[in-house]
Structure formats: structure tokens, C-alpha cells
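Asker: Sequence:
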Amino acid sequence: MDLQEKYLKKIGFYYDEAGRLTQYPTKRPLRDIVLSQIAEQFDPGADYTEKQVNAIIASQIAFSDIELIRRELYDGGYVDRLRDGTKYWKREKPAT
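Mapping of the sequence shown onto this note's numbering: residues 77 to 172, in sequence order.
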């Protein structure tokens with residue numbers, strides 16, 4: 077079992093029966109996996125308001141820190157936004 081497979085196996089412990097993230101992982105590789113899974117909920121080419129982004133995130137997590145996940149999606153290059161935060165969109169692929 078390689079490292080990626082180990083992380084994918086571990087990630088299941090972070091989700092509830094409904095498939096929602098129960099806590100944000102502390103290890104970066106696990107964070108990248110959960111952020112990638114949340115980013116999959118955004119349609120490529122679609123524009124979103126902050127309220128819509130928050131609703132998507134809220135549907136994917138079982139804790140209340142929507143702002144943390146939104147910021148991590150942006151900082152990780154999964155979504156981009158206008159400087160004033162009025163429009164968000166999914167990036168083609170995460171920035172490296």
C-alpha cells in the first residue's frame with residue numbers, strides 16, 4: 077500500500093454516515109483530499125456568489141467553520157474569486 081492509498085483509507089474517519097466532513101484534518105495531504113472532494117461540488121465555468129459557495133460548503137461539512145473551508149479552497153487554488161469576494165468560480169486545476 078503506497079502513501080496515497082494510506083491517506084485515502086484514513087480519510088474515511090473524517091466523514092459521518094451522511095458523507096459530511098466532521099472535522100478538518102490537520103495533515104496537509106488529508107486536507108488536500110477533502111478540499112478536492114468539496115471542490116468537485118462546483119461546476120466548471122459557473123459563477124457563484126459567496127452565499128452560494130457557503131451553501132455548497134455547508135452541505136459538505138458537519139461543523140460550522142464554513143469560512144475556514146472557503147478560505148482554504150481559495151488559498152489551495154481550488155476556487156478563485158474577485159478581489160471583493162462578489163464572484164467565485166472553480167479553477168481548471170488547483171494552483172501549485
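Calculated from the structure, these hints are not laboratory results.
It is possible that some hints are incorrect.
[Unchecked claim] Simulated crosslink set (PhoX-like; lysine-lysine; CA at most 20 Å straight-line):
(1) K127 / K103
(2) K86 / K103
(3) K103 / K85
(4) K127 / K82
(5) K82 / K103
[To be verified] Just the calculated beta-carbon pair ranges, DEER-fashion:
(6) R147 / A122: 26 to 36 Å
(7) D78 / E116: 17 to 27 Å
(8) G161 / K82: 31 to 41 Å
Glycine included, every Cβ here is placed at the ideal spot set by N, Cα and C.
Asker: Provide an ascending list of the numbers of those earlier hints which the structure does not satisfy.
Answerer: 1, 4, 6
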